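Student: Now for the letters of each chain:
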Amino acid sequence: MSLEGKVIWITGGRSGIGKAVAEVCAAQNAHVILSSRDADALRAVADTMPANVHALPCDVTDAGQVQAAALRIAQDFGAVDILVNNAGSTVFKSFIETSIEEFDQLHATNLRGPFLCSKAVLPGMLERGEGSIVMINSMAALNVFPNSSVYSATKSGLKMLSDCVRNEVRGSGIRVISIFPGATNTPIWPDKVREKHAETMMTPGDVAHAVIESCTTSSRVMIEEISLQPVGGAL
Amino acid sequence: MEFKGKNALVTGASSGIGREITLALLRTGVNVAACARSQYRLEELRESAAGLEGTLVIGGVDVSDEDQLHAFVEKARMVLGPLSIVIANAGFGVFKPLMEMKTEEFDQVMATNVRGVWLTARETVPEMVAREEGDIVIISSLAGKNGFATGTAYSASKFAVRGIAQSLMHEIRQHNVRVITVFPGSTDTRFFDGTPMSPNREKILTSEDVSDVVLQALHSPRRALPSEIDIRPANPK
Numbered sequence: 380m381s382l383e384g385k386v387i388w389i390t391g392g393r394s395g396i397g398k399a400v401a402e403v404c405a406a407q408n409a410h411v412i413l414s415s416r417d418a419d420a421l422r423a424v425a426d427t428m429p430a431n432v433h434a435l436p437c438d439v440t441d442a443g444q445v446q447a448a449a450l451r452i453a454q455d456f457g458a459v460d461i462l463v464n465n466a467g468s469t470v471f472k473s474f475i476e477t478s479i480e481e482f483d484q485l486h487a488t489n490l491r492g493p494f495l496c497s498k499a500v501l502p503g504m505l506e507r508g509e510g511s512i513v514m515i516n517s518m519a520a521l522n523v524f525p526n527s528s529v530y531s532a533t534k535s536g537l538k539m540l541s542d543c544v545r546n547e548v549r550g551s552g553i554r555v556i557s558i559f560p561g562a563t564n565t566p567i568w569p570d571k572v573r574e575k576h577a578e579t580m581m582t583p584g585d586v587a588h589a590v591i592e593s594c595t596t597s598s599r600v601m602i603e604e605i606s607l608q609p610v611g612g613a614l
Numbered sequence: 021m022e023f024k025g026k027n028a029l030v031t032g033a034s035s036g037i038g039r040e041i042t043l044a045l046l047r048t049g050v051n052v053a054a055c056a057r058s059q060y061r062l063e064e065l066r067e068s069a070a071g072l073e074g075t076l077v078i079g080g081v082d083v084s085d086e087d088q089l090h091a092f093v094e095k096a097r098m099v100l101g102p103l104s105i106v107i108a109n110a111g112f113g114v115f116k117p118l119m120e121m122k123t124e125e126f127d128q129v130m131a132t133n134v135r136g137v138w139l140t141a142r143e144t145v146p147e148m149v150a151r152e153e154g155d156i157v158i159i160s161s162l163a164g165k166n167g168f169a170t171g172t173a174y175s176a177s178k179f180a181v182r183g184i185a186q187s188l189m190h191e192i193r194q195h196n197v198r199v200i201t202v203f204p205g206s207t208d209t210r211f212f213d214g215t216p217m218s219p220n221r222e223k224i225l226t227s228e229d230v231s232d233v234v235l236q237a238l239h240s241p242r243r244a245l246p247s248e249i250d251i252r253p254a255n256p257k
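In order, the protein sequences belong to chains C and B.
For the numbering used here, add 379 to where a residue sits in the first sequence, where the first one is 1.
For the numbering used here, add 20 to where a residue sits in the second sequence, where the first one is 1.
Since the hints were derived computationally from the structure, they do not count as laboratory data.
Because the structure is a prediction, the values reported are computed rather than measured.
One or more of the hints may lead you astray.
As the list claims (entries may be wrong) - Lysine-lysine pairs mimicking BS3-like chemistry, simulated, CA-CA at most 27 angstroms apart:
#1 C/K575 - C/K498
#2 B/K165 - B/K116
#3 C/K538 - B/K165
#4 C/K538 - B/K223
Let's have the full structure, built from the sequences with the hints guiding it.
Tutor: This is the structure:
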């Protein structure tokens, strides 16, 4: 399946995996809509990319903004063919140190965000009988890592949300794809960690490769989950 | 990764998923040592592979038989050279309620699906680790993540394979050898012949579908290890 002419909405698209997916999609002549909370930074990034990449600022935790963004995409580009729920955040803190505000914020971005964005595009996909929703999850949903209790909880929650949605829409032609990357060299990590483990970590492009492959397999096939880990070992 | 000229071992190569992967590898210029129990169907495979770019070596092997497997791997190395792609695909199923299943049937499923995969890995991994290059793809099944009625032997064997794969990955990933486990849902192979299961063949995966995913995984950037891939038909029955 080709991505040419497809409408692809990527959240958290300003950097890291989201930006890498956008680059590949843009090179394949898709209409790419990048969202991020920080409008100025987002536009600055989009300006460096090909003309078929469009900046659409949106806070995925805000139901009104998500609804407005979805409407805008429908008006300007048409129905969303592929939604990449990539926006995510974390704090590297022990359970004791994690504040209530941080708990709420991680849940809002990592769980409420994909919930709202998927809800905004799924009815249209069901009507057309096609479409892909990609969840950029994390190995933290499957394995225990230190100082990640809330992040892991949101990501394993996202896995179950994805599994249930997939189950509900099975047979309708819609694919719900979960990608579980291990350590990837993106701004979600502190600079020190990125410098120390740059050789081991996967690049955003490595993960983007898996995202694109899973969206472009034959329409007979649904790649439901891919665990993707740095070959050199966990950090 | 440039595939041309590399050497692969495929078990259970005479039919279904193993056959498709063998042909797909040969088309990309990979040389394949293909084994299976059925010599007759291996000859059919040889006919289908005529004219493809890679070299094909065939051998009648029961993967649960250590001596047979060892001899074939040695032969493959002698004829082709070092192996850097291993597809542990041979699988066997008996689907009956526990109360009707014979001990011999349970043992047979375990011998092929667990012992066979373990032996295949042990025969091939040392060389890949020494050369710091290689991929071993294990074809499991979604039955390796979910139990189902009549699956007390088959499902158990595929759960066990996941344990082998996860442990092996931790042992050898730092040597640039990737352990990739694929968990396909129902696939249209000879597998269901002679069993009471009769999936709607138009709405299940084809061997080509699974082979495509395996080839994609082998082609993925080397830094990334797709350790587990779950696939199902997009429009199941």
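Student: Are the hints correct? Go through all of them and say.
Tutor: Comparing the hints with the structure gives:
1. C/K575 - C/K498: 39 angstroms, violated
2. B/K165 - B/K116: Roughly 19 angstroms between the alpha carbons, so the hint for B/K165 and B/K116 holds.
3. C/K538 - B/K165: 15 angstroms, holds
4. C/K538 - B/K223: With Cα atoms ~25 angstroms apart, C/K538 and B/K223 stay inside 27 angstroms; holds.
Of the numbered hints listed earlier, the single one contradicted by the structure is hint 1.
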